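There are 4 protein chains.
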Amino acid sequence: MKVSRAPKIPRDRRNDYSSESAQQRREFLQQQTGEPLEQTGQFSIDPQVLPGNIENFIGIVQMPVGIAGPLHINGEYAQGDFYVPLATTEGTLVASYSRGMRVLNECGGVTTTVVEQFMQRAPAFLFENARQARDFGQWVSDNFSKIAAVAESTSSIARLMHIEQWSVARSRYLRFNYTTGDAAGQNMVSKATLIASEWIKENSPIPCDYLLSGNMDTDKKHSHLNMIHSRGRRVIAEAVLKKDVVKRMLHTDTRMMARAAVMSNTGARIAGAAYNGPHSANGIASLFIATGQDEANVVESHAGHLSHELLDNDDLYMSVTLPSLIVATYGGGTGLPTQKECLNLMDCYGKGKANKLAEIVAATVLAGDISLASAVIAGHWVSSHDRLGRNRP
Amino acid sequence: MKVSRAPKIPRDRRNDYSSESAQQRREFLQQQTGEPLEQTGQFSIDPQVLPGNIENFIGIVQMPVGIAGPLHINGEYAQGDFYVPLATTEGTLVASYSRGMRVLNECGGVTTTVVEQFMQRAPAFLFENARQARDFGQWVSDNFSKIAAVAESTSSIARLMHIEQWSVARSRYLRFNYTTGDAAGQNMVSKATLIASEWIKENSPIPCDYLLSGNMDTDKKHSHLNMIHSRGRRVIAEAVLKKDVVKRMLHTDTRMMARAAVMSNTGARIAGAAYNGPHSANGIASLFIATGQDEANVVESHAGHLSHELLDNDDLYMSVTLPSLIVATYGGGTGLPTQKECLNLMDCYGKGKANKLAEIVAATVLAGDISLASAVIAGHWVSSHDRLGRNRP
Amino acid sequence: MKVSRAPKIPRDRRNDYSSESAQQRREFLQQQTGEPLEQTGQFSIDPQVLPGNIENFIGIVQMPVGIAGPLHINGEYAQGDFYVPLATTEGTLVASYSRGMRVLNECGGVTTTVVEQFMQRAPAFLFENARQARDFGQWVSDNFSKIAAVAESTSSIARLMHIEQWSVARSRYLRFNYTTGDAAGQNMVSKATLIASEWIKENSPIPCDYLLSGNMDTDKKHSHLNMIHSRGRRVIAEAVLKKDVVKRMLHTDTRMMARAAVMSNTGARIAGAAYNGPHSANGIASLFIATGQDEANVVESHAGHLSHELLDNDDLYMSVTLPSLIVATYGGGTGLPTQKECLNLMDCYGKGKANKLAEIVAATVLAGDISLASAVIAGHWVSSHDRLGRNRP
Amino acid sequence: MKVSRAPKIPRDRRNDYSSESAQQRREFLQQQTGEPLEQTGQFSIDPQVLPGNIENFIGIVQMPVGIAGPLHINGEYAQGDFYVPLATTEGTLVASYSRGMRVLNECGGVTTTVVEQFMQRAPAFLFENARQARDFGQWVSDNFSKIAAVAESTSSIARLMHIEQWSVARSRYLRFNYTTGDAAGQNMVSKATLIASEWIKENSPIPCDYLLSGNMDTDKKHSHLNMIHSRGRRVIAEAVLKKDVVKRMLHTDTRMMARAAVMSNTGARIAGAAYNGPHSANGIASLFIATGQDEANVVESHAGHLSHELLDNDDLYMSVTLPSLIVATYGGGTGLPTQKECLNLMDCYGKGKANKLAEIVAATVLAGDISLASAVIAGHWVSSHDRLGRNRP
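Residue numbers (numbering that gives the first Met the number 0), protein chains in the order written: chain C, 0 to 392; chain G, 0 to 392; chain Z, 0 to 392; chain W, 0 to 392.
Mixed in with the good hints there might be a few duds.
Simulated crosslink set (DSSO-like; lysine-lysine; CA at most 27 Å straight-line) [unchecked claim]:
#1 Z/K190 to Z/K200
#2 C/K241 to G/K7
#3 C/K7 to G/K190
#4 C/K7 to G/K7
#5 C/K242 to G/K241
#6 Z/K246 to W/K200
#7 W/K190 to Z/K246
#8 G/K200 to G/K190
#9 Z/K7 to W/K145
#10 G/K7 to C/K246
#11 G/K200 to C/K7
#12 W/K7 to Z/K241
#13 C/K200 to C/K190
#14 Z/K200 to Z/K246
#15 Z/K7 to Z/K190
#16 G/K246 to C/K190
#17 W/K7 to Z/K246
#18 W/K242 to Z/K7
#19 W/K7 to Z/K242
#20 Z/K7 to W/K7
#21 G/K246 to C/K200
#22 Z/K190 to W/K246
#23 C/K242 to W/K242
#24 G/K190 to C/K246
#25 Z/K242 to G/K242
#26 Z/K200 to W/K246
#27 C/K246 to G/K246
#28 C/K145 to C/K190
Treat the hints as calculated values from the structure; they're not laboratory data. What you are looking at is a predicted structure, and each value in this text was computed from that prediction instead of being measured.
So here's chain C without its partners, still in its complex pose (with noise of 0.2 Å):
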């Protein structure tokens, strides 16, 4: 058995967030790899904002950002005409979501809803047997003032709401449920539960051990409980699209689309997938990406529910629910240089924006998913990538 032997990273212990550190670090990798990193090294941005978002910095990637829309949105938050930023190496990518925005358009734009948001860290906590676990439950539930109180004391934004239980076999596992302001949150809650969870073993009646998580929280990973209790915000988006609009502007007809829809419908079930509509991963990641958001949440944020209901007038209902949708405006990667200027775009920088941040996220998923399975069903979805993607082999 070997043990590597290949020389550490260079580090600056006064003050690692400078261009020197960047550019020393680089030149050990040339030295270690033969890679001279010229690209990556050339950026704007000054490293001293990025402590809190990366260590061991040694340039940047350049992430090309396209421009879809206008995208006219009917919401609470969002109200009026968005030009939206997509970063992506996906060629068709923007110029699909446009071609659906301008769809949604024509009949008169999305309306969208924002119905709750949490955030969660799900603590276990083990017992002797299954009857402890138990009543330690009947305990937290009764102490939850207290509880509260504790967690949110950590916090000026969190809000503790409820907290989920499940008992499975001596253990007694609980989903704090918070709400987060305009924060994703998972650190802020992860604080806050963690302090409470040090309450609650010291005041337990009953003795207990914990682990700040036991898996159920689910974080940074699709969960079929992320697909039933909301983890980020809930958010729905809907439109009708008119029959003569689809046909002038999809080349198909809203009868056949939903015909498509219901074949998807069964494929989805069938395979089990997080998602029934064409693609919700494409847009949120590169809506995430372009808006410093937390690049891994896609994998929560990308479930969800499309919905159609041909009306009795041929036109088509369409609505997409993402239950799941974890956003931010506030923290994070939101506030690096090109990040906020993609947020500002929108107007959606800073506390009070994240509602209306999702509410786009979920008017553009619903642009993609229009314009994607239009394109599968009129045929020409292949001949489309053939010309706008010749980066793809």
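Got chain C; can you put chains G, Z and W on it based on the hints?
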């Protein structure tokens, strides 16, 4: 109902991939939104390389890249010590992965195995009744070699390996499974399957219609089907954590880690989670962005199984199985300047490198999971976020 | 298209629940099919007790009953030694459960805990748009006590504990959670929810339609929702298998059992199985038939989690958690003569006995799983079927 | 810790399958519990036929049987009009299925199609590392015909059709897929797979251990895998509901039914339900008990997909797809006197009849779902239970 009157995004019909057209769009957006997009407009990338990656290009998002490692990998393709570029805005992420890598190095590194590779397109064929659909399925099986020849005529790379079939109602869902070399291959297999489906429609003795995707692909979404039948590469990373290394470097012990893993597995199962470990999505998303992967494919790729086994000497065998890891070292965003540099860092750009990249991703995921899992146990998870992650409220 | 000309089944409008009407139907069936139904026509049950259990009664199926046990249970309701009646036609089943019970007795018996009880009916309310649906949900929450009063007016037993809610598209799915005493309660809660839904429709400030079941009940089917939110009783059975007892009576060892359990858990997770142990459904189905439970409810009831934990002294903690065990000791088929006798065997007939029966079922499942799991390891699984199960090819 | 001192159940070593030994056990139970088991002790069945079906026989449970029908089936095996025996204690069940059958008859009957048949046993093979597991898998594929020959040597019926494989960590899960004629086949395939696994272990060039079941069978439990890959028979029942028949006989209309189906599908998907229709499990469980099927197999068998499609003339195409319907017409409980009579009623006993029985089950499920679905819409669901189901509180 108000139809949007916001102006169209300007395009340059002669050459839409120039700095000028990008600037023109930024100026347009400044007029419309007030946001000058100063930082977004600063890039070293030549827009002429972008056709096939983006439309309506306006500039770039600067995703900060940190370097983790070295990580010692005993792969069949990745052999030696690797410095892994992670593009992220989540503080502590790079530091945490690096910590896991140091531990793995001390334990002899990570052994990696690519098991298989497939990429799918899944058309649905429609019939008058279930009996026709069933008999058609038999005809497809009987004519596989002809169908494969047609499909493969569209590409020098794609090879049709087998077709899975499902009868539901009066439809027959087919799922074409290809190997696609070093490309992710979604477009390649779409094209191949379209041609093959047209051939099938023309030659089937039973008349049929079809939809190019019946959603059993399942493209750009997690599905249980992807857990069962590999979409992308199935790759496994294994290591044996030495009892004393865990104690010294992770400040916990292997028995505690095993016990916590059981708790986490139970939680993940009750929650119906796509992954039972701590956070595969973090490492995958960060590596994907850094190396020009399709950023939406993290939803398929993050699914998997983290295994553990406490050995008789209290060392801890751990491994991660990623059944549907979609990576490319050719095509898509891999050729963009910064992304290509990040691939070069690991000698992973171009033909013949995708298995190597898959191994590095899996090994990285294992490092990150070991680090976070032990941090949760040792109780300093929140505190490390507090110290390093101050940009996250 | 041929319309059936086969004659109608005869019914006696004055008294259809008599031996004569049953005989008349058997004679009719003999005329139609040639089968005299001699054995089926032999029953000691008085047909006059059957209204509410069956229509078009023709006789009985004789389900053989075997007796397993004794099983020592340390429950809160079931305390002492129980002989468990199992109605089955699967050879070795009774013998296998009995073997597990003997092992458990040697280890001090099974500790059982009922955690909670709920029965659901889940209407879906339809609106013009998602915003109405959301606001309606708030109104429902605000008026919970009124709704509960209306619902509970239909029954002296059903108590409405809480209403879960989900917004999807422009619908609001409600899930009424009741306690239903010692009845399974499906009909009781249907009636209560119908009345409550009518009241809601009349009183909601937002006009709505509704469907009495939007399939989130989820009645007569397994669902992940039932795994998460108890439908029926959540009950846990625990035991510590002593190392030496396992060696002596099961011819294997606890470390092997633990290792095999990990293998099985992994397989179950990859397969997406409703239960991760060997065969909860066997014990549940057999006990259900013997005791007059609704035989279809085995699909909800068999879901669950088999937990194991190797203790420091190599004893093996094992437990089964059944989140949605639906049992009744009153109503339905429980009052039929033979079924009632089987309930009486365990002192489980009538009011105040459902928790006791739930504990016995869970303990029985644990016994069967221990027996089969160890048999698979010890390798004599097939041979015991060979010896005892000769009626099964 | 108290070890049970309750006495052992008496057995007769010379002949434990006699009326006397059954009586002896009943008397023993009366002594222990006070319950005389008078009704349970009344049976016409000869205990000498019971070896292979039950141990510790004490008597019978009298399951009342009602007759539904006639049901006109246009199957490949079931052709004509069938009277369907349903053993149940749930009031209204037989009446509801009969109503659905009348409607289907009026619409021309049900067309049924058996698509495929498999029964599985799934051993897991263990290796030192993932690479060995992968290479072993290749060896298994290369040696399939030899393995099949060994497996098939144990039975004149079982045929090994293919072996599915999954690599997880350092294990290789195999899933042997057999056809098993008219038997359910679980024991047959266990025996065949045991012999084959022993041969594999001896002949594999890579040393291995194995567990006869790694839980990917997945026996006696619902799983998503069973939804995808048929366990038992995949059978489809189709019908076109005529608009006017629905109006006349079901007091609703096909558009309403289609709309309600969409609501139900959505609810089922959000809930993660194994079946998206109203109640497949009811019909299956009742038919299973009446015909001597393995009563636990309802958990696998009830999974499936209810499809609907509103045709241009407002007739409603409906079909049920049951992917894992496990039925036998030979072996197990099928030969017991009353069970055999019930099979004979449909001319379904013995060799060559399993496909026919599968078709009847699927057609029955469709009848029941149409009846209940329309009852929910028409709003008289609760009232019909009220009238007929008075034994259910």
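Okay, the hints, checked on the actual structure:
For the suggested pair Z/K190 and Z/K200, the alpha carbons sit about 15 Å apart, so the restraint of at most 27 Å is met. The straight-line distance between the Cα atoms of C/K241 and G/K7 is roughly 21 Å, inside the 27 Å bound, and the hint therefore holds. About 46 Å separates the Cα atoms of C/K7 and G/K190, which puts this hinted pair outside 27 Å; it is violated. Taking the CA atoms of C/K7 and G/K7, the gap is about 52 Å. The hint is violated against a cut of 27 Å.
Distance check on the hinted pair: C/K242 and G/K241 sit about 65 Å apart at the alpha-carbon level, beyond 27 Å; violated. With a CA separation close to 25 Å, the supplied pair Z/K246 and W/K200 stays within the 27 Å bound. Restraint check for W/K190 and Z/K246: the C-alpha separation of about 25 Å stays at or below 27 Å, so the hint holds. For the given pair, G/K200 sits about 15 Å from G/K190 by alpha-carbon distance, which is consistent with the 27 Å threshold.
Only pairs whose Cα atoms come within 27 Å are accepted, and Z/K7 paired with W/K145 is rejected, the gap being roughly 55 Å. With a C-alpha separation of about 22 Å, the suggested pair G/K7 and C/K246 falls inside the 27 Å cut-off, and the hint holds. For the hint pairing G/K200 with C/K7, the CA-to-CA distance comes to about 59 Å; that exceeds 27 Å, so the pair is violated. For the hint linking W/K7 to Z/K241, the alpha-carbon distance of about 21 Å falls within 27 Å, and the restraint holds.
For the suggested pair C/K200 and C/K190, the alpha carbons sit about 15 Å apart, so the restraint of at most 27 Å is met. For the given pair, Z/K200 sits about 63 Å from Z/K246 by alpha-carbon distance, which is inconsistent with the 27 Å threshold. This hinted pair does not check out: Z/K7 and Z/K190 have alpha carbons roughly 31 Å apart, beyond 27 Å. Proposed proximity of G/K246 and C/K190 is supported: the alpha carbons are some 25 Å apart, at most 27 Å.
Of the pairs offered as hints, the one joining W/K7 and Z/K246 holds, with about 22 Å between alpha carbons and a cut-off of 27 Å not exceeded. For the hint linking W/K242 to Z/K7, the alpha-carbon distance of about 23 Å falls within 27 Å, and the restraint holds. For the given pair, W/K7 sits about 24 Å from Z/K242 by alpha-carbon distance, which is consistent with the 27 Å threshold. Annotation: proposed proximity of Z/K7 to W/K7 is violated, straight-line Cα distance about 52 Å (limit 27 Å).
As the CA atoms of G/K246 and C/K200 are separated by approximately 25 Å, the hinted pair is consistent with the 27 Å bound. About 25 Å separates the Cα atoms of Z/K190 and W/K246, which keeps this hinted pair within 27 Å; it holds. This hinted pair checks out: C/K242 and W/K242 have alpha carbons roughly 25 Å apart, not beyond 27 Å. Using a Cα cut-off of 27 Å, the hinted pair G/K190 and C/K246 holds, with the two alpha carbons roughly 25 Å apart.
Restraint check: the Cα-Cα separation between Z/K242 and G/K242 comes to about 25 Å, which is no more than 27 Å; the hinted pair holds. Taking the CA atoms of Z/K200 and W/K246, the gap is near 25 Å; set against the 27 Å cutoff, the hint holds. As the CA atoms of C/K246 and G/K246 are separated by approximately 67 Å, the hinted pair breaks the 27 Å bound. Proposed proximity of C/K145 and C/K190 is supported: the alpha carbons are some 16 Å apart, at most 27 Å.
The earlier numbered hints that this structure contradicts are 3, 4, 5, 9, 11, 14, 15, 20, 27.
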